[in-house]
Amino acid sequence: MTERTMNEPAGIHLGSICGTSASQINKAFAGALLAFAILLPMLAHAGVVSVETVNMAGRYMALGIVALGLDLIWGYTGILSLCQALFFALGGYAMGIHLAHQGTLHNGIPESLYVVYPYKVGESKGMEVLPWFWLIFKPFNLTILLGILIPGLVAGLIGFAGFISRVKGVYFSILTQALTVAAMMFFSKNEMKLCGTNGITNFTTLAGHELSDPNVKIGLYVVTLICLIGTYLICLLLTKSRFGRVLLAVRDSETALRFAGYKPYAFKAAIFIFAGMLAGLAGMLYTPQANIITPSYMEARWSILMVVWVAVGGRGTLFGAVAGAMVINLLYNAMTSQWSIGSFDWKPDYWPLVLGMLFILVVLALPDGLAGLWRKMVGRIAEVD
Amino acid sequence: MVAATIPDYKNERPDQNQLWDKKYLLFLSEITAVFDGFKALDLEHIGVMHNELRVVIGPNGAGKSTMCDVITGKTRPTTGSVWFGGEEITKKSEDEIVRIGIGRKFQTPTVYDSLTVYENMELSLPGSKGIFAMLTARRNKTERDRVMHLLERVRLADDVDTEARYLSHGQRQWLAISSLILSQPRLLLVDEPAAGLTDSETELTGELLLELKKEHTLIVIEHDMDFVRQLNSRVTVLCEGRSMAEGSLEEVKTNPEVIEAYLGR
Ligand SMILES: Nc1ncnc2c1ncn2[C@@H]1O[C@H](COP(=O)(O)OP(=O)(O)OP(=O)(O)O)[C@@H](O)[C@H]1O
Ligand SMILES: [Mg+2]
Chain Y
853 MTERTMNEPA GIHLGSICGT SASQINKAFA GALLAFAILL PMLAHAGVVS
903 VETVNMAGRY MALGIVALGL DLIWGYTGIL SLCQALFFAL GGYAMGIHLA
953 HQGTLHNGIP ESLYVVYPYK VGESKGMEVL PWFWLIFKPF NLTILLGILI
1003 PGLVAGLIGF AGFISRVKGV YFSILTQALT VAAMMFFSKN EMKLCGTNGI
1053 TNFTTLAGHE LSDPNVKIGL YVVTLICLIG TYLICLLLTK SRFGRVLLAV
1103 RDSETALRFA GYKPYAFKAA IFIFAGMLAG LAGMLYTPQA NIITPSYMEA
1153 RWSILMVVWV AVGGRGTLFG AVAGAMVINL LYNAMTSQWS IGSFDWKPDY
1203 WPLVLGMLFI LVVLALPDGL AGLWRKMVGR IAEVD
Chain B
5 MVAATIPDYK NERPDQNQLW DKKYLLFLSE ITAVFDGFKA LDLEHIGVMH
55 NELRVVIGPN GAGKSTMCDV ITGKTRPTTG SVWFGGEEIT KKSEDEIVRI
105 GIGRKFQTPT VYDSLTVYEN MELSLPGSKG IFAMLTARRN KTERDRVMHL
155 LERVRLADDV DTEARYLSHG QRQWLAISSL ILSQPRLLLV DEPAAGLTDS
205 ETELTGELLL ELKKEHTLIV IEHDMDFVRQ LNSRVTVLCE GRSMAEGSLE
255 EVKTNPEVIE AYLGR
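Sequences listed follow chains Y and B, in order. With the first sequence counted from 1, adding 852 to any position gets you the working numbering. With the second sequence counted from 1, adding 4 to any position gets you the working numbering.
For reference, chain Y alone in the conformation it holds in the complex (with noise of 0.2 Å):
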């Protein structure tokens, strides 16, 4: 939550003069944070909170790890992506390729996969083959290899072909929406053997660990937490870095970049690649979480959820981003439940409006997102002390 704050002209710097500065209260802010988010397990563990309660913050933290990655590419390359989620999805197939090896299986053939095998003419019940991208799924090890580095690979092609080719701005947003619907019909169809639109579900065990297992959720939690920090860590020594710098001024004026001797492509095609990567990581924390992986997580709205999050949060901050994430996960999960005031009934139905008006709301009122609001909330705060 510090990202540029000492690149800001000096007069903001109001608190350091009249005791708390703003960053002693970002500082003890992100402490809070952590300190809450280290001790949720414990919560569960007494019995305070409930585990589905820590499992849910655990999917929600790995999709700040999407938006940790979509917020390097967007926020600060100023390159709207919307593929982040097909690189999700893979990362989420691979994870959920290797689960269903694990669970039920059918004459070798796991039971996701079993039910809407695609027979040839000819084939019967005991004739099915476990295709190769089935079978590369089975060691744990690669798995998490695979997972991450599939992703990354895909976002090279793309970046490479598109970025050399300069497809810019709305071209490339297109580009990256188009490839992501194709991608899910690519994965809808049973004849591709990635089980359709039922997708990979009732996993059993990972690495020997029951998933119904209580302690084994709340294990997915803290292997989580320990990501989403070891990434945003990574992200922020990138940012801080001259080459975050870069990236910056990829946004700012790419023309006066390739001026002074730069190759933009290669920057953008780089970040790109890392921030696929990291949703490919997302992805396969998500799905043990979840319990499933479907097709319809590379549905339009997936993509689109996802750029609202960087935006609700603060684009340009890697801080904002996570908590948008957060924050709008949080939000959807309240408010689409039921429950009533008086006599005002809230209905899960609302919840589109809501999002789309916190949108509108962000857009026009607060550019900078949450991470600005705060930045301002702060100051005045460090000022008034």
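Simulated from the structure, these hints should not be mistaken for lab results. Accuracy of the hints is not assured; some may be wrong.
[As the list claims (entries may be wrong)] Example chain Y residues on the side facing chain B (calculated, C-beta under 7 Å, incomplete):
(1) Phe-1095
(2) Ala-1101
(3) Ser-1105
[Unchecked claim] DSSO-like, lysine-lysine: derived pairs with alpha carbons at most 27 Å apart:
(4) Lys-217(B) <-> Lys-78(B)
(5) Lys-96(B) <-> Lys-1115(Y)
(6) Lys-95(B) <-> Lys-1020(Y)
(7) Lys-1020(Y) <-> Lys-96(B)
(8) Lys-1228(Y) <-> Lys-1092(Y)
(9) Lys-1092(Y) <-> Lys-972(Y)
(10) Lys-145(B) <-> Lys-1092(Y)
(11) Lys-1020(Y) <-> Lys-78(B)
(12) Lys-78(B) <-> Lys-1115(Y)
(13) Lys-1115(Y) <-> Lys-95(B)
(14) Lys-96(B) <-> Lys-26(B)
(15) Lys-990(Y) <-> Lys-1045(Y)
It should be emphasised that the depicted structure is a prediction, and the values quoted were computed from it without experimental measurement. From the three backbone atoms N, C-alpha and C, an ideal C-beta is built for every residue, glycine too.
Put chain B with the ligands on the given structure of chain Y with help from the hints.
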């Protein structure tokens, strides 16, 4: 005084004279640039000598910026060739041309708005511009001194930590020029460095360019005649894409064609 016309470059063309680069750093040979049937450039020959400061003047739309585009690889000439420091660079890419040693300040100064003045300068430091180099770059004192020295010269030293978006137009011009100088090109193309500057700012810019002349080769494009006079250098007049005359300012001013081009507008 004899009115200047175009000098006879016939026997000095790089494709005919092996020794052309002893005399010239840059040579443009029969360049044309056509956009949708409109001939924006139709030059015969232009040679710029080592450590020369060449001023290019001409009315609006004469093709001055397009000439820079052609030299820096931003626009591919329809016909003709560009030669620089002993080799032909007509077909090279923008970033290759930069690395060979041609730097440019655009007509509207391009700076990175969300970077500070210092960070802007940093990206122009000579050396590798690859991803790995950027990931591992560390600040050091020699670099800092060089940057600060230049910034002091253009009165930006107090604004090192200011984001470029908060700079005035004149400061943006200077930031763009000092970034260019920092990158140590062999040839500097400076497109309208004095546009929009106050008189005193213009004068400082002129002094700066004259200082550079001692060790660099420069092409300066300019409209402001007082500024051109201050530079006191060889002038090329472009008009409707053609080079009309070359010589000292006093010489080109007596060329009837030039008078016609400037007054007949
Ligand atoms: N990419 C392009 N496509 C079409 N026409 C162009 C292009 N670049 C330049 N032109 C045209 O070429 C002509 C020369 O333009 P140029 O910008 O080089 O003039 P200039 O001498 O720099 O003028 P000024 O003093 O206004 O900067 C103009 O008529 C312009 O419209
Ligand atoms: Mg021009």
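Structure-based check of each hint:
1. Checking Phe-1095(Y) against chain B: minimum C-beta separation of about 4 Å stays under 7 Å; hint holds.
2. Taking 7 Å as the C-beta cut-off, the interface hint given for Ala-1101(Y) holds, the closest approach to chain B being about 4 Å.
3. A distance limit of 7 Å between C-beta atoms decides the matter here; for Ser-1105(Y) the minimum to chain B is near 5 Å, and the interface restraint holds.
4. Straight-line distance between C-alpha atoms of Lys-217(B) and Lys-78(B) comes to about 25 Å, which keeps the hinted pair within the 27 Å bound.
5. A hinted pair counts as satisfied when its Cα atoms are at most 27 Å apart, and Lys-96(B) with Lys-1115(Y) qualifies at roughly 14 Å.
6. With a C-alpha separation of about 24 Å, the suggested pair Lys-95(B) and Lys-1020(Y) falls inside the 27 Å cut-off, and the hint holds.
7. A C-alpha spacing of about 22 Å is found between Lys-1020(Y) and Lys-96(B), which places the hinted pair at or below 27 Å, so the restraint holds.
8. For the suggested pair Lys-1228(Y) and Lys-1092(Y), the alpha carbons sit about 22 Å apart, so the restraint of at most 27 Å is met.
9. Between the alpha carbons of Lys-1092(Y) and Lys-972(Y) the distance comes to roughly 55 Å, so the proposed pair goes past 27 Å and is violated.
10. Distance restraint check for Lys-145(B) and Lys-1092(Y): the Cα-Cα separation of roughly 19 Å lies within the 27 Å cut-off, and the hinted pair is therefore satisfied.
11. Restraint check for Lys-1020(Y) and Lys-78(B): satisfied, since their Cα atoms lie roughly 17 Å apart, inside the 27 Å limit.
12. Annotation: proposed proximity of Lys-78(B) to Lys-1115(Y) holds, straight-line Cα distance about 14 Å (limit 27 Å).
13. This hinted pair checks out: Lys-1115(Y) and Lys-95(B) have alpha carbons roughly 17 Å apart, not beyond 27 Å.
14. Distance check on the hinted pair: Lys-96(B) and Lys-26(B) sit about 22 Å apart at the alpha-carbon level, within 27 Å; holds.
15. With a CA separation close to 16 Å, the supplied pair Lys-990(Y) and Lys-1045(Y) stays within the 27 Å bound.
The structure shown violates just one earlier hint, number 9.
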